[in-house]
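**Student:** Those protein sequence lines, which keep their order, are chains A and B.
Taking the numbering used here, the leading residue of the first sequence gets 200, the next gets one more, and so forth.
Taking the numbering used here, the leading residue of the second sequence gets 84, the next gets one more, and so forth.
Treat each hint with caution, since some may be false.
[Unchecked claim] Chain A stretches covered by chain B per the calculated footprint, using a threshold of three residues with CB under 8 Å from any CB of chain B: (1) 223-236; (2) 283-295; (3) 326-333.
[Unchecked claim] Non-contacting residues of chain A with respect to chain B, defined by C-beta distances greater than 10 Å in every case (computed): (4) 204; (5) 246; (6) 270; (7) 276; (8) 278; (9) 298; (10) 322; (11) 390; (12) 427.
Just so you know, these hints were derived from the structure itself, not from any lab.
Note that CB positions come from ideal geometry on N, CA and C, so glycine has one too.
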Amino acid sequence: MKSLVKKIALSNLGIKLRNFFNFKPIYMNTNHLYNNCSVSDSFCWRTDNNYETIFKYSDILGLFYKIKKSYVELSFFSKNNQLLKTLVIDELDYSNELIINKKFLNGTEDYGVFYIHHYTDIEIKDPTIISNRCYIGFSKNGCLHSYMHGNSLVRVKDLKGKKEGLSDIVKTSFFNNNVYRIQNFFDDLTSTELFFSNPTYKDIIFYIESDKYTLKKGECLIINTNKKNIINIKSNCFFLRPIIFNYKDQFIDVYHG
Amino acid sequence: MNFFFGIKTNTFSSKLNIPKFQNRNITNNNINLYQTFVDNNHWKLELVNKIPDINEFFFVNQNLANNTNIFFLATKNEIINFCKNKLINLNNFTDTDPAFRSNLQIFLKNGGFSSYQSEYPYDMINKQGDILSSVSTLLNKNADNNYLFFKNIYFEPQNKKFKAFFLDIKSRKILDEFELKTNYTNEIKIHKELIKPEVFFLTKNYLGIPMFVSEKKKHLSFEHTHPPHEYILSNDKFMKVSELKREINEIIG
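Model the full structure from these sequences, guided by the hints.
**Tutor:** Below, the structure written as structure tokens:
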């Protein structure tokens, strides 16, 4: 009986009901992922305002599964979810890096998101689900890159690179009543920017105090939040954590919220 | 239950902003901030916020945020159970999803600053094991200086020594070997030659959090690495990480 209740509670319908009524909600669900797939965060890239981004990623299939012939695909999107560039890299070291600047994005000075997926042509028998958490560094005006790690699970592709899965990992609710309060006190700073990307396939509505914002599928947004010491985010998304860019004089500090 | 900690060296100072609220907005105004540290084979306990305040954060300044003190939240009723012979789990206020974190910021005098949302989960303090981390993913060859800080918190009130290594996993060689201690924020300066994709940092028998700092022209970058099992979501995650650690452990014999 107990296991039946557990089974129902973890079914898609059960999760929908739990999240609808906000009763023991499931913020992220990976149960539906198919056996062999690669899951990516929606990583932030910036080339606006003299920013340069460095992306550091590991050869997960090589390191953990000893697969020598693996490769990665990186897809770069504008802030409005327009595909800008796709890049396949087939020579991988254990740790790799890519510089994303204006030149790399054909003169684009803006911000957006990108995804990384690992592929191999080799048959993998055992169920294998990998996620490259990666590290991203942001440099402004040529200063030292400030690094942070990935913090969500957003888009899924199979390890053959042929099938894109429903990226329904981060869950949404019917009501805009999910509060996420950033656990830092913002003072003694010149300014603060919050980078939000939509981790779901649905429209997201969120509020910072009384200001309302909307993100459609794949979109992202930078919000300046000067003069707020405490930041509360209210939304219909169960896991909406921004990347924080803090500025003080000529120094920057980037971390996930 | 989570612990929080600082860093103090000749070069860097640190400060902590520890919230009294959970990230889903539940505040506990009855909670206090305590610090504890190893003192003659006991955990010495001190109340940090001696005067009640109405702020939503406890602010730990550079005078308190050092390499030995660790901080935690507890009510007056909960702290009665504090044990000076071993760290015990006092409450679940900081057991949240996403994780309950403080902001740990390091800074230079008259220079830059860098921070990350930091915590040391209670689950890590009772276990022994090896930590494996890539060296090149968060460091910068072009920086003026690069550092690795390794924070260990272990339940026994002692500063036990344990070994750590820099290993080249391609040539399968030990590049450097040194001693760290438990219940301490250990500082290791990294030479540029070690910042290569094939170089990994490995600790023996004690867990902890590897944090990496780069410094260039007074600018700083500060971030921790993920444990290897976070790269795998399938059920084979612990098996694959164990296999990798076993393979790497063969290098040190």
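**Student:** Take the hints in turn and mark each one as holding or not.
**Tutor:** Taking the hints in turn, this is what the structure says about them:
Chain B is given as covering the segment 223-236 of chain A, and this holds because 4 residues of the stretch bring a CB closer than 8 Å to a CB of that chain, at least three being needed. For the segment 283-295 of chain A, the assignment as covered by chain B holds, since 4 residues bring a beta-carbon within under 8 Å of that chain's beta-carbons and 3 suffice. With a threshold of 8 Å between beta carbons, the proposed coverage of the segment 326-333 of chain A by chain B holds, since 7 of its residues qualify and at least three are required. Its beta-carbon lying about 21 Å from the closest one in chain B, residue 204 of chain A satisfies the requirement of being farther than 10 Å from that chain.
The claim that residue 246 of chain A lies off the interface holds: its Cβ sits roughly 19 Å from the closest Cβ of chain B, which is beyond the 10 Å cut-off. Residue placement check: residue 270 of chain A keeps its beta carbon more than 10 Å from all beta carbons of chain B (closest about 16 Å). With a least beta-carbon separation of about 23 Å from chain B, residue 276 of chain A lies farther than 10 Å from that chain, consistent with its non-interface assignment. Distance to chain B confirms residue 278 of chain A as a non-interface residue, since its nearest Cβ pair spans about 24 Å, more than 10 Å.
No Cβ of chain B comes within 10 Å of the Cβ of residue 298 of chain A; the nearest lies about 12 Å off, and the non-interface call holds. Its beta-carbon lying about 16 Å from the closest one in chain B, residue 322 of chain A satisfies the requirement of being farther than 10 Å from that chain. The beta carbon of residue 390 of chain A sits about 14 Å from the closest Cβ of chain B, which is more than 10 Å, so the claim that it is off the interface holds. With a cut of 10 Å on Cβ distances, residue 427 of chain A stays outside the contact zone with chain B, its closest approach being about 13 Å.
When held up to the earlier numbered hints, the structure conflicts with none and fits them all.
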